[in-house]
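Enquirer: Mind assembling these two chains? They're in different frames, but the hints should get you there.
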Amino acid sequence: MALLRQCALLLALLIVFSTPCKVAALEVDIAEVGSNYSSKSTATETSTNVTTPTITTLPIVIWKWHHVETPYLVALWILTCWLCKLVCELNHSITSVIPESGLLIMMGFILGGIVWGADQAQTFKLLPVNFFYYLLPQIVLDASYCMPNKLFFSNLGAILVHAVIGTCWNAGTVGVALWACYEWGAMGNLNIGPLQFLLFGALMSAVDPVAVIAVFEEVHVNEVLYILVFGESLLNDGVTVVLYNVFDAFVSLGGPKINAEEIIKGIISFFVVAFGGSFLGVVFAILISMLTRVTKNVQVIEAGFIIVLGYLSYLTAEMLSLSAILSITFCGVCCQKYINANMDEKSVTTLRYTLKVMANGSETMIFVFLGVSAIDRNIWVWNTGFILLTILFIIVFRFMGVFFLNWLLNKTRLIPIDITDQIVMSYGGLRGAVAYGLAAILDEKKIPEKNLMLGTTLIVVYFTVVLQGITMKPFVQWLKVKKATISDLTLNGKINNRTFEHTLTAMEDICGRMGDNWWTRHWKHFEEKYVCWLLMNSDARKHNDNIFGAFHKLNLEDAKNYVTAGEKKGSLAFIRNDDNASVDFKKKLALDYANFMPDMMSDMSEYDFGIDNVPVVSGMKNQIPSVSLDIHEQDRKSMPDDLNAHHLLEQHLYKSRRFNRPTYSRSHYKSSENPDEMQEIFQRTMRSRLESFKSAKMGVNPAKKLSKHPKKDSSHKPNGKPADPNRTYPYGDEDFEYSADSASSSEIAGHFPRRSTNTPGAGVDNPAFIPEVDTSAPMRNPPWQTEPGNNTAVAPSQRLPWTPTNLRHLAPLRRSARSADSIAMADASVDEEAPEEKPGKHNTRL
Amino acid sequence: MGSTSSTLLKIPNVEELVQETGFSPAHIIRLYDRFKVLDKEGRGHLCPKDFGAIKELAMNPIRDRIISAFFSPGKETVDFYTFVKIMAHFRPVDKDRPKDPNSPEPINSRSNKLKFAFQLYDQDKDGKISRDELLKVLRDMLGMQVTEEQLESIADRTIQEADLDRDDAISFEEFRKSLEKVNIDHKMSIRFLR
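Respectively, the protein sequence lines represent chains A and B.
Residue numbers for the first sequence follow the UniProt record's numbering, beginning at 1 and rising by one.
Residue numbers for the second sequence follow the UniProt record's numbering, beginning at 1 and rising by one.
Isolated chain B, as found in the complex (with noise of 0.2 Å):
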């Protein structure tokens, strides 16, 4: 238990981290040694090239729009503080925890959730996915199974299919919509983080 909590100890801001994330003291800790194994040269935070050099990150061919969700806009790290913020996306909702109406949307709500998914396909940030974006998630996933004719129209209907208010690309809002029957907690949460 001592290792634990001095661990705990050369954390900032744990207490508030804990609270923020709804992460307990032990999942902390794991992230944190696992924070520290990737910033290979102790600088305390976080570059791209550091996910980068994830051996089995390679394969995942929608690789670079996760790693750039780590970094917000203009900056090129990313501490530990933040890092945790967006793991607590990944943390399935726990239903026993009493729900205290006046603390604000936990992190691992189902919008945030949705939110995450969301800018992974909103590259330019603004609100809306485009035809384009989702072509180009399509072309990195589907690779080459499929002819570029085909994509398209599978983009295109795509699109058309969440399309409410006809502007050609697909809102949050609209996004949202079109996931209302899916079980995002399911779908989007990493069971050790429970």
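Same shape as in the complex, but just chain A (with noise of 0.2 Å):
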């Protein structure tokens, strides 16, 4: 089946490819015909002519293909690369294999072959100036901005030593190793000279960060060492370009000019180069981060100027012939953390999705055009011996580059890097685009043997992409190289690590020493007085703190499982039914409440609910009356206002559940998120995850407990308030918790509906479906209500409702500050009801 599919893609792939094929011809025919247009007889000819200005009658349709071409021809090979991706990732047993790199440069061959047979040369291949200019920077960007940036900065001296040693080294040595084979004669001849060799060493040094990243993310190796490549791989990027120009530039000067003045001056100009571009970016994102600050009304396009200035800093810094992918990398690097504190959440969100649609789209581009470029038969100079001996040594030179400097480095880390993640280190040296984008621009007047090195470097890619990529998933673990622990984000966790740092820092100065610690714990200092001050806005610089930016998204998680949880159940009216009906609504209900009120107060009074509640619960107990305990009496009694009750309360919810607000606007996104709802929602969450956590603690059966909360919530709303004034409510209760002694009867009735549905379903039925069940069932107890234990796995999101003010206990954000352990009252709460709700389960069941 899934072949079929696979098949009938492929089908379709193939038909959207000929479009552009056929253009290709066309466009061939085109330019061969030049600016003659006349003696043609191809359907596209006809049309052109149209196009000729002398019309004798006004045209309806005009075929304009030339003012479209390029865009077209650019939009529709996207399409097709796209597609390929498409293909490529309909079967994951074949992508579990053959990682998806090398899986598009297999179909990259396919579409050149069909462009081939169709123009008989190459039309189309990866030109270095669309791939420098359009192609690259996104990646780089996203990559750089997606970062794990805490463990980027504590292996930069690592990252470091291996990006600019380390390709030094194997620019150095590949190119002198290949010229001293071809003096030796292994190669033939050829017109390379020395400096040639060297300039293509520095070409084949560039370790590419794109195919590293496609196919380590499909290895899960641990973080260390996955830092370690994909940050080497960045970075190496940046200094193989930089090498690069400086090789080209002695090749151009040639050699009898150079002299130990120039080579100090190729040495100076590697190292302004390099550490000029990252400064620029540096600066580029501290511009970025300054303007996020004040970019709160224009939210719509907030993303877009991180994307633009990235990109400007590319291009400045190629302006300023400084090395432009490490300045963009730093930028991306640098400004992660203040632009994500200040930019709005959703911006956020905004910005890496579009990032990853344009790396990925454009990563996906490169390499198909990898594969297309290939199929050209002007580029092919084989020589075995130089292809052959290329291969070895980028391979040889690399992994003893690479133990080289480990050993070097495991001299003053504190975790070695261990034998295994060495070896997977300089095995992860895929060589990718960005060295056949070095190889394409080179110039044939300097270098004679162009051709012969861009298929040599093409080979070396596929060899690397491929072969490589293909071994490295079976070679990692036949090597049991340590994978990536999967740990979940926990409070304790970043706590912990909190005080740890701490432990060690006061430790360290204790000692006298200035270690790793010293270095963080200053940065940290001076990044919270200046760095902050200056990037971030004030709100942000409020919650920078990555222990309650722990906290809060933990909170949005369980805020969304809540939703999910609620859709499964197949409604999600449980949001809804709250403690918010406003002030009308109780008015009108307090009047009938007046009436079967007073017995509900009565049982609950009774109860100590906690120690903020004793003194209220005791002025109601003067109040009123003790009545009946009959349940059921009052289930029947309520039922009219029962139905009355939703009604209103259908009325009083938030506006924007009805879909009366318009569904477009030019400048803001969709506004459905009213902040009080928000609010509610998470409170909601809070309490349910709260409630889930204690009823799996008590093991408390749901059904008992709802049976009984709706009573407790009836008496504690109005009390907990006069009881406790200076309690805040920071998430906007404030009007409801603070209404007048006169409301809190109301609110009461606002209750009661709901409990005197509920109090026999005991969790199962969802108050949106109340109406409906009362109507059909109103008198008999339904088969359900006499089980009580069939509710046991009831969710949290549906015992909810119910149980609004034993949660509110627990509910840490609305807990006033005097209050004793929350959760040990809500214990003693439980434990002390458990006796009391035995009768009252009781004649429910009855």
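To be clear, the hints were calculated from the coordinates, so they are not data collected in a lab.
Treat the hints with care, since some could be wrong.
[Stated by the list, open to error] To give a feel for the contact side, a few chain A residues facing chain B, derived at Cβ under 7 Å:
# : residue
1 : Leu-414
2 : Thr-490
3 : Arg-498
4 : Phe-548
5 : Phe-551
Small disclaimer: the values here were computed from a predicted structure and weren't measured.
Glycine is no exception: its CB is placed at the ideal position from the N, C-alpha and C atoms.
Expert: Put into structure tokens, the structure is as follows:
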């Protein structure tokens, strides 16, 4: 079945592809014809004729291919490449063996073959200009923006050593070794001098981040190894380009003119270009961060600023002949923390996804075009010796370089890089598009054997990406490389990390030595004092703390799960049901409730709900005489009110849930999120989470709980307030909670309908359905009411609506600062109620 | 070399110390020098105020807890022997050293490192991190950035995460469980003590 689908897609792809292909053929035709449009009888020609100004009548439709030719071809190629990716991803059993990058290259071969078949020449290939200006920047920006920041900076030393020294080592040794072999006669007669060999070595040393990420992401190696390989490949690109430029300049100068002075200049220029580029990136990062402080009012395009400025940092560096890749890398790495804090959460998501789309899109195109470019007779100059020796040397010298540098690094590293990691690091030296791009911009006038180099580069790319890519996974498994441990985000982890950091710095201070933590600590101090002040808006500064960030994230996650769980159960209406009914509702029902509320209160007033309620409960006791404990009677009585109440409830729901808002706005995101609503959801989430935790902890049967909470609910709401006037409600229920005493009884009314209908139901039914349930079976107990045990597995979300009060105790966000341990308190209340529970339940079920 | 051995001779119980902590003599000498610098009055032991005099330490939000970790309950001083033993908690674990099954658990073992961290929280030494204790640490570390209410909710949530036996406190066992996936050796080691 999957195969069939794959075939169908392939077919579709070919059909789509044939369009640019035909177009390409036509294009060539047209080019041949040049300005002479006259004597062609093909469809296109007739149509182009129409466009000539000598029209006799008004044309209804005009064929204007030439107007759109270039963008149309570009768009079609993008579509084709992405469809290729789609085809590759169809079958996971293939992608688990061959990495996607390799598959895409193979697809590129096929496409290239088709183009060649149609044109007898390669009309499309990856032009270095396009690659460096339109495809590469977003990949680097995405990679650096999504870089695990802390990991990157804590391993920055090792990464830099590998990226700078390792790259120079690779470039030098490969160049020299190839030249030595050439002198020795292993390659026959070639017109290449030692400098050209060095230049070739330089371009060959570019470990490609795209290829590396594509492979390593599937392998899931441990994070230190990952960041070493990834960071190295990213920075290494920049270094390679710099090195390439230096050698290119040497080649242009020519051998005899190079003296010590020039060499020193070359070395200086290497450092100036590399560090200048990095510095420029940091400058742009600061600019971006400062800009995002003030973009609050243009939230729609907020994310665009980062992309544009990132791109500008790339172009500016290029303009100043500094390292563009390093510039955009450091720009992304440095600004991520501040812009994530400054921008709205949605903009951050937008940015992240936009970058991913762009990066993945161009990555796909690069690989496909690496394949397409191969099908070109002109570039293939075969020299077995040269090709094989290149492959041999890049592998051998990479292994040597990595092992040597790691040996040096391990002398000072706290956690040494072990031998298997080193092997994988060496083996992960995949060459990719950067090498190809650099080879493609070689000047044929200066380097006569350009095509040999280009062809060899392509072969090396295929060899490393496809062969090493395929073997990487089994290799990693065979070596038993430490895999990444998937650790969930926990507050414990975050808090303890913080403690550990502080402890370590303290110990270092006590020892009186400057360690790693000394730097971290001082940077943090500096950052807090100056950098954050400069780059973050005040709001973001407040919430900058990452423990709080983790807390917030966990809560958001819970909110999501809560909604999902609710949706699974069939309705989101449970979200609506709450204590937020507004004033007129209360007023109306207050009257009706005067009759039967008292007995509720008396039920409850016997219980002690916790420290902060006691006085008020007693107050209530005085006011209200005890009437009746027969809950069934209450049910019957309240039936009409119940329906009424629901009608009112519906009316007082948040407006956003009705579709009375414009669904499109030019400059704003769809504003469905009423802040109140968000807060409400947030609050409920907290409660539900705590509730589920609670029930799990106590082993309480939810059915039991539910039958008692409503009662508590009704007495509790009005009670809690006067008892604790200093209580603060940061999440916006103030109006409700502080409503006057007169309203309190009506609030009770607000809860009553829920209570009355749900007492027997023990949490299975959703308030949204209550009217139906009531009308269909008003008096008798449905079968599920009699089964107390069947609800043990009710999702927290389902239990929620009936337990607000108890949960209010638990909900940490609303707890008063003065109360004792909330959980203990809640425990107490549960425990105390447990015995009382039985008679109540008994009543219900009789 | 002569100065090294002469310094070593001045330190009491050197061999025992090397044996117990796994420090090299060079480390011990370095720590001894530092100890003497801290011990300004030359009493041969340190008081809390000696630690308080360390300028860099003033920035540390959990300074007091760490200082008090050096002093066993009821004691007002710490001698060099104990000082080194405390520092030994932060020695990285050496993988090369052959493991002697008979030898007692080294001070820098995972669980000892954890115990050290645990007692930073557990100030009343009842073997449990209560909510209040956690709250105090959080207040120290998060400072002004977060409101009291938020602090409390963070504390609640943290306890829930780790609390397996539902006693609203984190026991050492639970503490260790919650950090099961964390590379303690990495996080609680100081490089220059290797």
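Enquirer: For each hint, tell me whether it holds in the structure or not.
Expert: Hints, verified against the model:
no., hint, result
1, Leu-414, "4 Å, holds"
2, Thr-490, "5 Å, holds"
3, Arg-498, "5 Å, holds"
4, Phe-548, "5 Å, holds"
5, Phe-551, "5 Å, holds"
When held up to the earlier numbered hints, the structure conflicts with none and fits them all.
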